[in-house]
Structures are given as structure tokens and as C-alpha cells.
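A.B. asks: From just these sequences and the hints, can you work out the full model?
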Amino acid sequence: MYVREAHPSDEWQMKSNVKDDVCYAQPRTLSDRLAIANDFTKRFKYPLPFGVDDMQNAANDAYAAWPERLYIIDENGKIAYRGGMGPFHYHPGEVRAWLASRYGEVKHPEAKPAPNEGEPEKKEARDTKS
Amino acid sequence: MRSFLLDRVSLGPQFDEEVLGVKKAFMWIGISVGALLVIAFIALSVMAGGPKDAVYMVRYALPHMHRGNLKVGDAAPDARVFALSGTETFHIRERTGAKPLVIVFGSFT
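Chains A and B supply the protein sequences, listed in that same order. Each residue of the first sequence is one higher than the last, beginning at 1 in our numbering. Each residue of the second sequence is one higher than the last, beginning at 1001 in our numbering.
Don't take every hint at face value.
Below, a sample of chain B positions facing chain A; criterion: calculated Cβ distance under 10 Å [said to hold, decoys possible]:
#1 Ala1048
#2 Met1057
#3 Tyr1060
#4 Val1072
#5 Ala1083
It is worth saying that the hints were derived from the structure and are not from the lab. All residues carry an ideal CB built from backbone N, CA and C; glycine is no exception.
C.D. replies: Written as C-alpha cells, this is what we have:
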């Protein structure tokens, strides 16, 4: 779920953003947000269902999600796991452990590097700051 | 006004000593607070990556960081979000029910 940018170029940009060529201004419109979210999914070939928070930050506010956070909602619509505030308390391993306790350990095959890994695709919606 | 008078009117050696004691206490409180602020800034700089990052962290990050009130067992809040196309929306609640739903909140940067 895409929420407001954590390190945009017009706020607290980090050196790693420049190094990794991830330089975007904080989106001011929904189309800015959608453009960045689409850049992200294309660049990383993100295979999972993806949602984009609205400009009122409804999902972010409801879940105190910024800058990054993990949740699991169980079948009854209750919070089953609530991760800590990222990045310091962002622990995907805890989610894996929760899922493993429910469904059993899953062994993933060794990940193969993507052919153009580290080579960002050309971005069309760069620096959305107007 | 009072301190102006105290500077100029001596009310006896014991009183002068008390005033000096109070002044010293304030001075040490000031030094302690200053030292704590410097230590906090250094700690924040180390955590954030540098003095500039510490300033940006306070200015841009801290106002948006909230622990939130949700607890395990609470009903998951609903929210309407957009699909990548931007023309369609869906509700988080629509995606729950059949099996557990993992939500990964984040951004590109």
C-alpha cells in the first residue's frame, strides 16, 4: 500500500535516494502518487496487489502507517499482527513467522537476480515537483 | 524590576548569599539543559546519518510519525484506496475475510 513519500527530494532526501536513482518530490496530487507507484511496480516488477492511499491519507491515518509498517488482518477482520514503526521496527521476519505458525514453513527457491537488477528503467514520471 | 533592585540594594550578607545561590542554581540548570540538548542533537545526528539529516528528521519526519492506537485484536479499520490505474478504487475490507491479509505500507523513497 503506497503512502506518502518518506524521503522526497523536496523534504528529507537521503544520499541513498540519489545513489539508487530514486528521486521524487512529495506528491501534491493523486496523479503524482499514481505515477510514482507505477514507477515502483514497474521497476521492481512488483507482483502483488497494490493500493495507493488517497490524498487525504485515509489509510495512512487509520493505520499510523508512515513511513512503513506491516499489518496482518485475520479472517474475522481483526488485527492479528501489528508491526512497529519503520524503519527501525520494521520486521518482515515477524510476518513470515506469523504466517509460518499458521500455514507452516515455506521454503522458497534461491532468488535469481533480475537481468537488469540495479539498472533502473527509464522513468517517465520523475520529479513530480512542479 | 526585582532583580534590578536586588543588584543594587544589599539586604544583608545572608540574603546576598541566597541570591547568589539561586543564580548559581539557574546557571547550572541552564548548562544542564544545554548539555542535554547538545547530547540529544548528537544522538539524533548519529541515528539520522548526520547533523543535516537530524534537522530534516525533526522538521519532516517526526510530525508524521505516529505509533497509532491499534492493538492486536482490534477491528481493522477500513479505508478506500486507489488501484494503480487511478480509475478504480477498492476498500481494504473487501480484501479481508477469506484468508489473512498482509498489508505492507510504504513508499518508493
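A.B. asks: Give a verdict on every hint.
C.D. replies: So, going through the hints one by one against the coordinates:
1. Ala1048: holds (8 Å)
2. Met1057: holds (6 Å)
3. Tyr1060: holds (4 Å)
4. Val1072: Constraint on Val1072(B) satisfied, holds at 5 Å.
5. Ala1083: holds (7 Å)
In summary, this structure violates none of the numbered hints.
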